[in-house]
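K.L.:
Chains as they are written, first to last, in the numbering used here: chain V, 1202 to 1360; chain U, 119 to 275.
Hints in this document: simulated from the structure, not taken from any laboratory. Just so it is clear, CB atoms sit at the ideal spot from N, CA and C, and this is done for glycine as well. Mixed in with the good hints there might be a few duds.
[To be verified] Label pairs and their in silico Cβ distance ranges:
{"#": "1", "chain 1": "V", "residue 1": "1205", "chain 2": "U", "residue 2": "139", "range": "17 to 25 Å"}
{"#": "2", "chain 1": "U", "residue 1": "222", "chain 2": "V", "residue 2": "1222", "range": "51 to 59 Å"}
{"#": "3", "chain 1": "U", "residue 1": "139", "chain 2": "V", "residue 2": "1324", "range": "40 to 48 Å"}
{"#": "4", "chain 1": "V", "residue 1": "1290", "chain 2": "U", "residue 2": "154", "range": "35 to 43 Å"}
{"#": "5", "chain 1": "V", "residue 1": "1342", "chain 2": "U", "residue 2": "125", "range": "18 to 26 Å"}
{"#": "6", "chain 1": "V", "residue 1": "1264", "chain 2": "U", "residue 2": "158", "range": "12 to 20 Å"}
{"#": "7", "chain 1": "U", "residue 1": "245", "chain 2": "V", "residue 2": "1293", "range": "32 to 40 Å"}
{"#": "8", "chain 1": "V", "residue 1": "1279", "chain 2": "U", "residue 2": "165", "range": "45 to 53 Å"}
{"#": "9", "chain 1": "V", "residue 1": "1236", "chain 2": "U", "residue 2": "165", "range": "24 to 32 Å"}
{"#": "10", "chain 1": "U", "residue 1": "177", "chain 2": "V", "residue 2": "1290", "range": "19 to 27 Å"}
{"#": "11", "chain 1": "V", "residue 1": "1263", "chain 2": "U", "residue 2": "177", "range": "20 to 28 Å"}
Each chain, written out:
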Amino acid sequence: MQLDNTDRQLLNLIQKQIPVSSRPYAVIGAELGIDEAEVIARIKSLKESGIIRRIGGFFDSRKMGYAGTLCAMKVPEARIEEVAGIINGYYQVTHNYIRDHGYNLWFTVLAPSPEQRNQIIEEIKGRTGIGDLMSLPAKRLFKISVKFDVSEVDHADRK
Amino acid sequence: MLTASEKRIIREIQNDLPLCERPFLEIAERVGVTEEEVLQTVDSLLERGLMRRFGAAVRHQRVGYKANALVVWRAPEGRVEEVGLRVASFREVTHCYQREPLPGWPYNLYAMVHKHTQAECLEVIRQISKAIEIDDYLMLFSTRELKRASMLYFIED
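Take these sequences, add in the hints, and give me the full structure.
P.N.:
Here you go:
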């Protein structure tokens, strides 16, 4: 999908905040100089093309009382798909990436209590038979700001 | 801490906001409360910091941010706070956490760096390293995304 300037402004704006008001898309439209229906249509196509993953609330898991951790695992190359299948089956696993290191699988686990979180990790070890797994819970959060400036036209849309 | 009604509303707003003229009204009807109550709850969750943001998440690869590295630093014990704040101040750093080291894994400061290309990531990481004066670090570039989803809260209550 080719993004025009309005799409770019729209994406930068709605990554910051969707107005908490009865007609949020009309408020956004007023800001961008387009009407409500066009805002809705543009967001719809940005979603359909996979650029927008979700619009909604993003929570502070710790303040919600949840216990998270970052796990790193050493998985034999040939078993990546199978092991990822097991790990990704947990809805409590929200991120899972292959990284170029001996610890090649990096995923997060988030659960309502440290006990439940640790139980999931033990289950993953048991089901995969891989014991070489580090659990690295956060001690302190310095930053989380997952917003991407899409103004830089040159690099976008390259598949 | 959270009322039953707030939890019901969270279960809705952790999904996708409906694409209609009055999306909060649609949520209100599903939950069985008024639109006003949904709006007030969203505002309140933001004010209390339980919700960091109410907005859109983009797939960073699809808007040109193709390269990401998890950088793990070994910060001297007494410098963790200073270094963490400095690393976090870089625009290209989306996440920055202190984590406890483990035996054989001495790293205690973690930062996610997102850029358009791997070369740009390397340059930013070099600048950060210079700024914090720490050379002891590893760069773990992502070669494949296997899962990226939003957490579902209170679905087992």
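K.L.:
Which of the listed hints are broken here?
P.N.:
none
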